[in-house]
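Chains as they are written, first to last, in our numbering: chain R, 1 to 267; chain B, 268 to 681.
If you're looking for bench data, these hints aren't it; they were derived computationally from the structure. Please note that a few of the clues may not be correct.
[Claimed, not checked] Okay, the calculated bits of chain R under chain B, using three or more residues with CB under 8 angstroms as the criterion:
no. : region
1   : 82-91
2   : 115-128
3   : 199-212
Note that CB positions come from ideal geometry on N, CA and C, so glycine has one too.
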Amino acid sequence: MSQHQTDEAPLSTTAERQAVVSSQGAAPSKEWVIVTRGIKREYDMGGEIVRALRGLDLAVRRNEYVAIMGPSGSGKSTLMNIIGCLDTPNEGEYWLNGQLVSTMKDDELARVRNKEIGFVFQTFNLLPRATALHNVELPLVYAGVSAAERKERAMDALTKVQLGERVHHRPNELSGGQRQRVAIARALVNRPSILLADEPTGNLDSQTSEEIMRVFEGLADSGQTVIMVTHEPDIAAHARRVVVLRDGQIASDERREKFTEKLGITV
Amino acid sequence: MPLFEAVRLALNTIRVQKLKSFFTLLGVCIGVMFLISVVSIVEGMGTYMERDLVGKIIAINSFELRRRPNINIGDVDASVWEEYRRRRRLYISDLLPVVEALPEGTRWAQESEAGVTAVSRYSRPRSVNAIGIDGDWFTIKKLSVVDGRQFTDQEMTQGENVVILGPDVVERLFPGLDPVGRELRVGTTPYRVIGVTESRGSAFGVSFDNFILAPWRSPIRKLLNPEPAMIDAVIVQSENPLILTEAQERVRAVMRTRHKLRPGAKDDFTMETSASALEFWNKIKGYLVIAGVALPAIGLVVGSIVIMNIMLVAVAERTREIGIRKALGAKRRDILAQFLVESATLSTVGAMLGIALGIGLSQAIAALTPLPATIAPWSIIVGVLVGAGVGIVAGVYPASRASLLDPITALRQE
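Use the sequences and the hints to build the structure in full.
Written out as C-alpha cells, the structure is:
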C-alpha cells in the first residue's frame, strides 16, 4: 500500500554495512543509529552454556524501518534485549547513536534506555493503575522533565496516536488497539533514536494489527527509525528491510521486496 | 523521580488497597497511639504537679522557712526522718529577726496548721484544717475573701476570736446558710465568722477548701503546736528572683546564728520552694517517659516487621511494574526511592492516625479519670518522625530487592 515510498527510504547497501561493521573500535558516523560488531551473548543454563548470539554484525541507518525475524531460539529476543539496552553482550561492540553501549553499567544503560529507546511490547506493558496520560508521562518522569511540560508533551503524543479523547482512561478501559497506541505514544514521548517493537501485533486481531502497522508506517515515513522484532512474515513484510536470524547469526538481510517475493506475500 | 510524585504514588496505593493498608498500618498506629497517650499523661501529671498540687501549697516566687519540708514527694528514708525529728522547732521569737533581715521588695507571712474539730449550731462536729496566720498571708497565697471581709490589723495583733472559712467548711458546718456573723466553736472557744474565701479547688480528689483561718495570736494557736510559742513556717515572697535568693541567704544566716550552727554544719531547717518540692517528681518523670517510650517501641518493632513483609509482597506483586519502569529509564535509585517513599508514607500515615487516636485516648482518659493529660507538641513531632523512620528502616530491604531486579526477568513476570 505504500510501495511507492520504498525507493525513497535510505536503505543501506550491503557494502556500506560491511564497511561500518568491520571498523572495530571506531565510532560510526552519525547516520548509523545501530552498529553491532561481532556481538556474542552466552547464558549459563544450569551448567549448560547456551550461545544465543554468535558474533552478530548489524548496522542500521537513521530512518530505516527494519524487521528482525527468526524462529524461536534464533536469538532474536536476545538481540532485541541488547539493542534495547536491557542486556549487554559478553563480547563485541554495540554502538547506539554514537555511544558505545556494550560496556555501560546499569545506571548508564537506564539513562540510554530513557533517552534513546522507545519500547513497544507484545503485552503493551502499561501500568494498570495509571491513566493513559500518566503512562505516557512515565519516561519523562525519569528524564526529570517538569510536571507541566510532561503533561503537555504526553497530551501531544496521545493526540498523535488519535487518543486525545481518552487520556484519562485506565488501560482496562481501553481496547487492545488503543492500549498499543498508548504504548506507542509512551515510546515516542521522549523523542527516542529508535522505536523498538517486540511482537507489537502479537496480542491483536488482524484488523487491529493492520491499524497498528499503519501507525508504524506513518512513523517511518516521518523519519522515525523503527526496529520491529516479529516471527510473523506478513507483519515483517510491512518493514522496508527484513533481517532473518538463525542460530545466533544473520541468515539473510534484504529489502522487503525481495523478502516478500521469496515468500510470495503481498502487502 | 521527584519526591512529591513518589508520595502521591504511595498515597494512591494506600487508597486503592484500603483494607490491606489499614492492617499494615495497625502496628505503627497502635505504637504511636500509646506513645502519644503515655507522654501526654506523664506531661499532664507534670503540669498538674507543678501548677495545681505544689503550686497551691507553695506560692510562686516564694520560699517557706520550716523545720522540715512540708511536701515529700517520693520516699524519704528513716535516717532522714530521724534527722528531721531531732531538728529544733521554729518559735515566734525567730520571726522578728528573720523579718528584720529581709531585703527591700519582699513581703512575709507566717502560718501554723493542724487538724481540729469544729462545731456549729447547725451541724455535727467536723474535722477541719485550722490555720493560724499573720503578715501578708492572703496576698502571698493569692487568696481572696469573696463573702464578708479580711482580718483587720487590730484583729491580727490583738489575736481576736474571728475566723474566715474555706467554702467546704461553709457547706459542712453552715449548710444552706450565710455563715458571716454566725458562731463557730473550736473546742470550747467560740469564734465569730467574718468571711468566706474563694475556692482553691482540689488535687487528685482531695479538696483544698476544708480549712478555717484565724489570726495566729488568737487562742487557736494553743491547738496548732505542742507549745503556743511555736510556729510552722515563715513564708517570704518577692517578684524579683534575685531579691528572693538574697532574702534566702539572709534568712539562712540569721537562722544559723540563732541555732548556733558551726561553719560547715548542715542547716537544721528547710527553705522550701516549689522547685525544690518538684525535684523528686522531675526524677520520676524521666523514668516514666522512658518507660512510656520503651513499651510502644515494641509495638513499633512489630509494626515495622509487618510493613517489611507487606513491602516484600508489594515488590513481588509489582515485579512487572518494576520491569516496565526500568525499561522506560528508571535507575536503581529511582526504584529504591519509590519503594522507600512508599513504605515511609505508609508508615507515616499510620503514625498520623496513631497521633489522632493517641490524642483522643488521652483526652478520654483525662475526661473519665482523675488523671490529667496535656498533649506535648514534641511528642507529635517525635510520632511523625518515628513513623517515617520505621517506614524507611522497614522499607530498605524490600526496596533494595526491587531496585536490583533484572529488567528482562521482571518484564517476563506474569
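To see whether the hints hold, each was checked on the structure:
A count of 3 residues in the region 82-91 of chain R with a Cβ less than 8 angstroms from any Cβ of chain B is obtained; the coverage claim is therefore met, three being the minimum. Only residues whose C-beta sits within less than 8 angstroms of a C-beta in chain B count toward coverage, and the region 115-128 of chain R has 6 of them, enough to reach three; the restraint holds. Against chain B, the region 199-212 of chain R contributes 0 residues with a C-beta closer than 8 angstroms to a partner C-beta. That does not satisfy the three-residue criterion, and the hint is violated.
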